[in-house]
Structure formats: structure tokens, C-alpha cells
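The primary structure of each chain is shown beneath.
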Amino acid sequence: MNYKVLIVDDSPTMRQLLAFSLKRIRGVSIVEAKDGMEGLKKVTTDTFDLALIDINMPVMDGLKLIHMIRTEENMDELPIVVITTEGADADKERALELGANEYLTKPVQGSEVLAVAKKFLVGL
Amino acid sequence: MSTDDQGIFHKGEEFQKLFDRASEFTRDLMEANQQLRSKLLEVQSKQNEAAQNPSDWDALRTDLTHKIHNLEEEKTDALERLREAEEENRHFAERYVEIEEENNNLANLYVASFQLHATLDSEEVLQTIQEIVINLVGAEVFAVYDFKEANRSLKAVASEGRELEAFPDFVLGQGIVGASLEAGETFCGENAYSDDLAEPVVSIPLCVQDKPLGAIAIYKLLEQKEQFTTLDHELFSLLGGHAATAILASRLYTQSERKANTMQGFLGLLTERGAS
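Note that the protein sequences, when read in sequence, are chains A and B.
Read in order, the letters of the first sequence are residues 1 to 124 in my numbering.
Read in order, the letters of the second sequence are residues 125 to 400 in my numbering.
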């Protein structure tokens, strides 16, 4: 089984770290985007099994991106995991209201990312 | 046939059926009784035989006792092995968690190191240091200091959480940051938060072969992070060495680029003069 995961984060360090963790799942291929706008372009021109999205990003932030994804046709099934430095409950509630499926806060452990990704990709 | 006659006939039929069932039940009972009788005879016969040979009883009892004893031993052995297997399983589970944690830590350190050395641009190196401190350490307020050899002072060149101008300058050997840089040792306080920008909770000296280049001062952790972990201390060591090397490499590269441009310009001038 092959899975395609989109990572949207302006930090190359975070993108590499998340990709590092996700590649431990067999059959995962990664597509990266450095801001919300690039993420939106990728998500509308390709099919993904999971999207990991940061909130604080230039050009278009993560919340706007989630909103745009959820208003797109046939995009309500795409699992979205938010990975952010914003740890306040209000931020989490807002992201979940907009349609995020899971909310993780930085600094995030690779095992956490792996567990969440497995939940959505493999159903473990 | 009148209605009364029909009713009597119907009741007669019902009585006949009832009688048949009772008869069948009685037959079954008699058969069962016969079987029980033969069983009883069998048992009585065995009892008589055993009563005539008491030694057989003793042998049988000894044999059974022996078997019970063996089974008890086997059970104890099986339980012991089960306990050992459970213990081993628990040990493996603990080792798995440890290795998983170690793996995560190594991944973090690898990525941090990789990113620090992925560029020779000073601005990008600073940006990477900030990314590591925000995303991997989980700091909310911090500053990266540059050391000026000329006046032996430290000045903030990048910051997060507060304006750059808010961070005070330090002198080598003075204050937490200056003393940490002079000693070449990371300072890590007990608190996870400091309001006083002159006294960070963590100060990481950036040195290459005892040559001070700068420092990273952390004042506050992210809301969701309560304390520093083992990985954080590993990251501090990594930043102390690799960030300093990356800064030095980028500076040397910038200087060599500048010198190369100057020389190229100089050579260009010489060529022009020679031609004219």
C-alpha cells in the first residue's frame, strides 16, 4: 500500500524532521510545501492520504489553509494533523472547528507523529 | 354426530395421545433403570475385586499421588517459565521504548546538525539556529548573541518572542551569558521562565576550539513545555559546537567571497590599464 503525505511548514528543519519520522511507515512518500499557499496548490492538484500543517506560516497561515481545504470539493475526507507551537486551548479548538482531525504541539516527538500518522494511514 | 359427541371424541383422542406419551416415558424409564442396574453391578464387581486385593488400591493410590506430584511440579515449572517470559517481555517492552526514544533523539540531532551545515549564508545559519531553538527545544523567548572581539562584548543579532532591541548587551565574563561564554560551559538554571532579560534560564556558549563566537540565551519555554529534557541538553551541546562551526564557516565564506570580488576588481583594473 502506498500513501502520500503532504507536509506544510515554513521551517525546513521541521519538514525534514517530520519526513524522517513518516518514512518509517512502509510505502509513504512525502510532498513538502513551505507555506499555506503552496500547500493549497499541492493539495488541489494532487491526491493525499494525510496532511500535516503548521499554523504560523508566511503568505497563508495554517488555519486559512485548513478552511480552504475543507471548503474544496471532495476534500472533507482528507485527514489533517496540525503541528504547531501554539499550545493554547483556544487555538486547538479553533483548528478543530475548522476541520483539523488532530492537534499536536511543538516540540513534537517523532513517535507521536508516527503514531498519529499510522492511525490515519494504516488505521492502527 | 352431535356437537357433544364430537367433543367427547376429541377428548378421547387427546386422552389416547396422553396415554401413549406416558407409556413411552415409562418405557424410557425402564430402559434407563436397566442400564443403571448393569452399571451398579459393574461397580459392585470392581469394588469386590479391589476389596479382595488391597495392594492394588495402594499401588493405584501411590501411582496417582506420584502423578499428582509430577503435575504439580510441571505446573510450578510452567508458572515459573510464564513469569520469566512475562519478565522478559516487560524488559523488551522497556528496551523498545528506550530505543524508540533514543531513535527520536538521534533523529532530532541529525536533522539539527544537517540543517546547520546545509548553508554557508550567515542569515540562513541564524534562521536555522532559531528554527532549532523554537521547534526542537520549544523556546518561546530567546536571543542569539554575536561576540565582538574588539570590545569583548555580546550583542543580540536575532531574537524571538521580544524585539531585538529589548535584549541587553553583555561583556565577556560578566553576567550569566558573559560568564558562560568565557567558561565555555552551558548554563542551565532550575526555572523554565525568566522575566529579567539580563538573566536567562539557559545560556549556550558558541565556541570553536575555545574561540568565542557568540551565545544563545533562552528566557522562556513554550506554554506546553514545562521543563528541559535529556534531549534538550543534547541539543544544547550540539548547538554549542555545530552552530558555532556553521557561523564561523559562513563568516569565512562571506569574507573569502568579498576578498575574491575585491581581487577580481583589482585584476580587472590592472587589465584595463594594461590594455589602455
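Incorrect hints may have been included.
[Said to hold, decoys possible] Label-pair restraints from in silico Cβ distances:
id, chain 1, residue 1, chain 2, residue 2, range
1, B, Glu309, A, Glu73, 57 to 63 Å
2, B, Ser277, A, Lys23, 40 to 46 Å
3, A, Thr71, B, Glu222, 40 to 46 Å
4, B, Val281, A, Met1, 34 to 40 Å
5, A, Gly123, B, Phe238, 28 to 34 Å
6, B, Glu226, A, Glu77, 33 to 39 Å
7, A, Gly123, B, Lys279, 52 to 58 Å
Simulated from the structure, these hints should not be mistaken for laboratory data.
Virtual Cβ for every residue (Gly too), placed ideally from N, Cα, C.
Now the hints, each set against the structure:
1. B/Glu309 <-> A/Glu73: 57 to 63 Å: The hinted range 57 to 63 Å holds for B/Glu309 and A/Glu73, with Cβ atoms some 58 Å apart.
2. B/Ser277 <-> A/Lys23: 40 to 46 Å: holds (45 Å)
3. A/Thr71 <-> B/Glu222: 40 to 46 Å: For B/Glu222 against A/Thr71, whose Cβ atoms are near 45 Å apart, the range 40 to 46 Å holds.
4. B/Val281 <-> A/Met1: 34 to 40 Å: Hint violated: Cβ distance 48 Å, outside 34 to 40 Å.
5. A/Gly123 <-> B/Phe238: 28 to 34 Å: holds (32 Å)
6. B/Glu226 <-> A/Glu77: 33 to 39 Å: holds (36 Å)
7. A/Gly123 <-> B/Lys279: 52 to 58 Å: holds (53 Å)
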